[in-house]
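Trainee: Kindly generate the complete structure, drawing on both the sequences and the hints.
Protein chains: 2
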Amino acid sequence: MSSLKERLLARVTNDLEAIEAALQDNLTPYLDLVSKTARHILFSGGKRLRPLLMVISARVCNYSGKNDKQFAVIFEYLHAATLLHDDLIDGAPVRRGKPVAHSIFGNSTAVLVGDFLLARALSIAAIAENARIIDTIAKVTEDMSQGEIQQMMNKGRMDITEKEYMQVIENKTAGLIKAACRIGALIADAPDKDIERLSAYGYYVGIAFQMTDDLLDYLADTWDLGKEVGADLKEGKLTLPVIYALKQADTAERNRMIEIISESDFSVADFQLLVDLLQSYGGLSYTRDRADEYVRMAKEELAGFEPSEALETLEMIADYALLRKI
Amino acid sequence: MSSLKERLLARVTNDLEAIEAALQDNLTPYLDLVSKTARHILFSGGKRLRPLLMVISARVCNYSGKNDKQFAVIFEYLHAATLLHDDLIDGAPVRRGKPVAHSIFGNSTAVLVGDFLLARALSIAAIAENARIIDTIAKVTEDMSQGEIQQMMNKGRMDITEKEYMQVIENKTAGLIKAACRIGALIADAPDKDIERLSAYGYYVGIAFQMTDDLLDYLADTWDLGKEVGADLKEGKLTLPVIYALKQADTAERNRMIEIISESDFSVADFQLLVDLLQSYGGLSYTRDRADEYVRMAKEELAGFEPSEALETLEMIADYALLRKI
Numbered sequence: 189m190s191s192l193k194e195r196l197l198a199r200v201t202n203d204l205e206a207i208e209a210a211l212q213d214n215l216t217p218y219l220d221l222v223s224k225t226a227r228h229i230l231f232s233g234g235k236r237l238r239p240l241l242m243v244i245s246a247r248v249c250n251y252s253g254k255n256d257k258q259f260a261v262i263f264e265y266l267h268a269a270t271l272l273h274d275d276l277i278d279g280a281p282v283r284r285g286k287p288v289a290h291s292i293f294g295n296s297t298a299v300l301v302g303d304f305l306l307a308r309a310l311s312i313a314a315i316a317e318n319a320r321i322i323d324t325i326a327k328v329t330e331d332m333s334q335g336e337i338q339q340m341m342n343k344g345r346m347d348i349t350e351k352e353y354m355q356v357i358e359n360k361t362a363g364l365i366k367a368a369c370r371i372g373a374l375i376a377d378a379p380d381k382d383i384e385r386l387s388a389y390g391y392y393v394g395i396a397f398q399m400t401d402d403l404l405d406y407l408a409d410t411w412d413l414g415k416e417v418g419a420d421l422k423e424g425k426l427t428l429p430v431i432y433a434l435k436q437a438d439t440a441e442r443n444r445m446i447e448i449i450s451e452s453d454f455s456v457a458d459f460q461l462l463v464d465l466l467q468s469y470g471g472l473s474y475t476r477d478r479a480d481e482y483v484r485m486a487k488e489e490l491a492g493f494e495p496s497e498a499l500e501t502l503e504m505i506a507d508y509a510l511l512r513k514i
Numbered sequence: 189m190s191s192l193k194e195r196l197l198a199r200v201t202n203d204l205e206a207i208e209a210a211l212q213d214n215l216t217p218y219l220d221l222v223s224k225t226a227r228h229i230l231f232s233g234g235k236r237l238r239p240l241l242m243v244i245s246a247r248v249c250n251y252s253g254k255n256d257k258q259f260a261v262i263f264e265y266l267h268a269a270t271l272l273h274d275d276l277i278d279g280a281p282v283r284r285g286k287p288v289a290h291s292i293f294g295n296s297t298a299v300l301v302g303d304f305l306l307a308r309a310l311s312i313a314a315i316a317e318n319a320r321i322i323d324t325i326a327k328v329t330e331d332m333s334q335g336e337i338q339q340m341m342n343k344g345r346m347d348i349t350e351k352e353y354m355q356v357i358e359n360k361t362a363g364l365i366k367a368a369c370r371i372g373a374l375i376a377d378a379p380d381k382d383i384e385r386l387s388a389y390g391y392y393v394g395i396a397f398q399m400t401d402d403l404l405d406y407l408a409d410t411w412d413l414g415k416e417v418g419a420d421l422k423e424g425k426l427t428l429p430v431i432y433a434l435k436q437a438d439t440a441e442r443n444r445m446i447e448i449i450s451e452s453d454f455s456v457a458d459f460q461l462l463v464d465l466l467q468s469y470g471g472l473s474y475t476r477d478r479a480d481e482y483v484r485m486a487k488e489e490l491a492g493f494e495p496s497e498a499l500e501t502l503e504m505i506a507d508y509a510l511l512r513k514i
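If you read the sequences in order, they're chains D and C. Its first residue numbered 189, the first sequence is counted upward by one per residue in this note's numbering. Its first residue numbered 189, the second sequence is counted upward by one per residue in this note's numbering.
It is possible that some hints are incorrect.
Note that identical chains are pooled: a pair holds if it fits in a single copy or bridges any two copies.
As the list claims (entries may be wrong) - Below, computed lysine-lysine pairings styled on DSSO-like, alpha-carbon distance capped at 30 Å:
| id | residue 1 | residue 2 |
| --- | --- | --- |
| 1 | LYS224 | LYS254 |
| 2 | LYS422 | LYS254 |
| 3 | LYS343 | LYS327 |
| 4 | LYS351 | LYS224 |
| 5 | LYS254 | LYS327 |
| 6 | LYS327 | LYS487 |
| 7 | LYS487 | LYS286 |
| 8 | LYS224 | LYS327 |
| 9 | LYS351 | LYS235 |
| 10 | LYS235 | LYS327 |
| 11 | LYS193 | LYS435 |
| 12 | LYS422 | LYS381 |
| 13 | LYS343 | LYS286 |
| 14 | LYS286 | LYS435 |
Derived by calculation from the structure, the hints in this document are not laboratory data.
Mentor: Now the structure itself:
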């Protein structure tokens with residue numbers, strides 16, 4: 189019996205290849221430094237989740253045109269633009285196991301190529317000449333920058349609430365995945381109710397993905413994640429596992445956790461102690477349960493569609509959100 | 189006899205006030221740090237040239253709606269977004285006589301608020317639901333980021349050609365001013381020939397403004413410019429006065445100039461010697477003549493319109509491009 193990941197990959201291989209080709213094509217005529225920097229961030233092991241979700245969402249709505257891969261590029265470009273700027277701001281040394289772009293090409297290049305990718309995404313979106321598509325892209329770009337700013341302002345704060353955490357991941361992550369699914373439905377000229385269902389599906393999947401990602405930061409056996417375990421904590425980012433555990437802990441253990449968290453250069457032993465406390469106060473299982481719940485809600489949104497291979501793929505992607513590395 | 193500047197200001201006072209109000213309104217509901225940083229860059233003595241040109245261009249085309257000030261905001265936001273990122277990249281200490289935003293709010297905030305202003309500009313543009321407006325904005329945003337990247341790649345190069353210089357200022361400066369005039373015509377539903385004329389007018393005015401700005405960097409009596417004289421040179425940016433003089437100079441004096449230029453911490457005496465060489469090899473007069481020529485071409489584009497007060501204002505702005513600080 190092959191794994192979910194293998195089965196999912198098998199059914200989307202052709203789409204992924206077409207998306208790769210479109211990503212390459214749309215960079216070809218640009219300045220060498222732009223292409224090099226953009227390629228570094230674009231072709232370093234991203235999963236193409238966002239463009240894939242757009243393409244499959246369009247297919248669920250019986251899209252029969254030829255522009256889906258072209259539009260799908262928008263979401264990978266927007267995603268890459270935010271990664272370039274975020275890595276700079278977070279001071280993270282690696283992404284997906286490779287040195288971050290600004291450490292190779294310089295901070296200025298990272299800022300400007302991020303701007304370029306954002307602008308390029310909008311130029312591609314403009315081709316659609318569809319006000320709802322433009323509006324969705326403009327709004328999500330605005331929300332993402334707001335999410336980043338909220339996250340930056342939250343850095344180092346020990347009193348972040350679950351609500352504040354949700355605001356950040358909605359703006360930063362779920363919004364773009366929601367937009368990808370929404371625009372898949374929009375280019376297929378789907379009826380409004382289907383547009384809203386796929387938007388909601390994307391939103392829930394996006395939340396589940398981010399929660400799982402935040403959980404993985406505390407799971408010591410995930411060295412293959414391509415980033416350091418505990419990286420969020422080192423950057424002063426409190427995510428749901430910690431937020432929940434801090435709320436549940438008694439004063440002494442809460443103070444012990446805060447002490448470890450506040451120390452940006454914590455030892456392996458301290459980190460292990462923290463993970464044990466997250467475990468015993470339910471921070472890990474609570475986060476997993478919440479992510480589970482969002483995957484369930486995502487799949488519920490799919491219930492209104494006719495069964496199809498594409499619909500099954502969306503269901504599998506929702507499940508994958510949860511399982512991918514755990 | 190009052191000066192051109194006074195006469196121009198007298199006729200645009202009401203428009204400038206309405207533009208100020210719209211700039212404020214569009215920032216009100218956002219995060220405190222965003223508003224503060226955006227306000228620092230937006231309300232520190234900008235001339236509002238771009239929004240003003242949009243509003244007056246619309247008026248020349250008999251615009252009778254109420255949304256001109258709202259759309260005009262787009263151009264000041266886009267401009268401010270690039271200033272935030274450019275100042276960071278250039279490492280300039282002051283802009284318009286005030287400390288640059290990133291020195292007050294930090295580099296991360298400057299990057300993210302720049303992203304936010306860019307996204308906000310697009311969200312406002314999306315309201316128009318007009319494919320040509322969206323397309324113009326998307327394209328100009330892309331061009332500006334390309335211009336910035338070209339400029340960064342040119343830094344420190346002594347063999348920049350006039351053609352390369354023109355490419356940078358077209359993308360970086362003239363494109364946005366052109367877009368402002370173009371969108372003024374577009375929101376007024378002007379006929380295509382008027383849209384093209386005003387676009388060309390904006391392009392020529394933009395080139396003239398940038399050339400004048402580059403010239404001012406070498407004119408020692410312009411301390412009121414709000415930036416250091418010789419700032420471009422300190423950042424390794426070769427502009428037209430230098431590019432031209434280097435081409436005209438004999439080998440010995442070219443080498444002397446290159447020596448001064450390559451020294452980022454040149455003395456006042458060295459800078460004065462350089463300005464003398466720019467003068468004697470015609471770099472200053474050549475740049476002034478080129479700017480003059482672009483102003484003439486800008487005004488020629490206006491010849492096809494019916495005479496009106498708004499049209500006169502556009503003529504005055506073209507003249508002002510040349511005269512403003514010299």
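Trainee: Indicate, hint by hint, whether the structure satisfies it.
Mentor: For each hint, the structure was consulted:
1. LYS224 x LYS254: within (28 Å within a copy, 45 Å between copies)
2. LYS422 x LYS254: This pair counts as neither: shortest intra-copy Cα distance 45 Å, inter-copy 50 Å.
3. LYS343 x LYS327: Classified as within: same-chain Cα gap 24 Å, cross-chain 35 Å, threshold 30 Å.
4. LYS351 x LYS224: between (39 Å within a copy, 24 Å between copies)
5. LYS254 x LYS327: Both, since 25 Å and 23 Å are each at most 30 Å.
6. LYS327 x LYS487: within (25 Å within a copy, 38 Å between copies)
7. LYS487 x LYS286: Neither: 34 Å inside a copy, 54 Å across copies.
8. LYS224 x LYS327: Classified as both: same-chain Cα gap 29 Å, cross-chain 21 Å, threshold 30 Å.
9. LYS351 x LYS235: within (28 Å within a copy, 41 Å between copies)
10. LYS235 x LYS327: For LYS235 and LYS327, both the intra-copy (24 Å) and inter-copy (28 Å) Cα distances are at most 30 Å.
11. LYS193 x LYS435: neither (35 Å within a copy, 62 Å between copies)
12. LYS422 x LYS381: Answer is neither; intra-copy 43 Å and inter-copy 58 Å both fail.
13. LYS343 x LYS286: both (24 Å within a copy, 28 Å between copies)
14. LYS286 x LYS435: neither (35 Å within a copy, 44 Å between copies)
Checked against the numbered hints listed earlier, the structure breaks hints 2, 7, 11, 12, 14; every other hint is satisfied.
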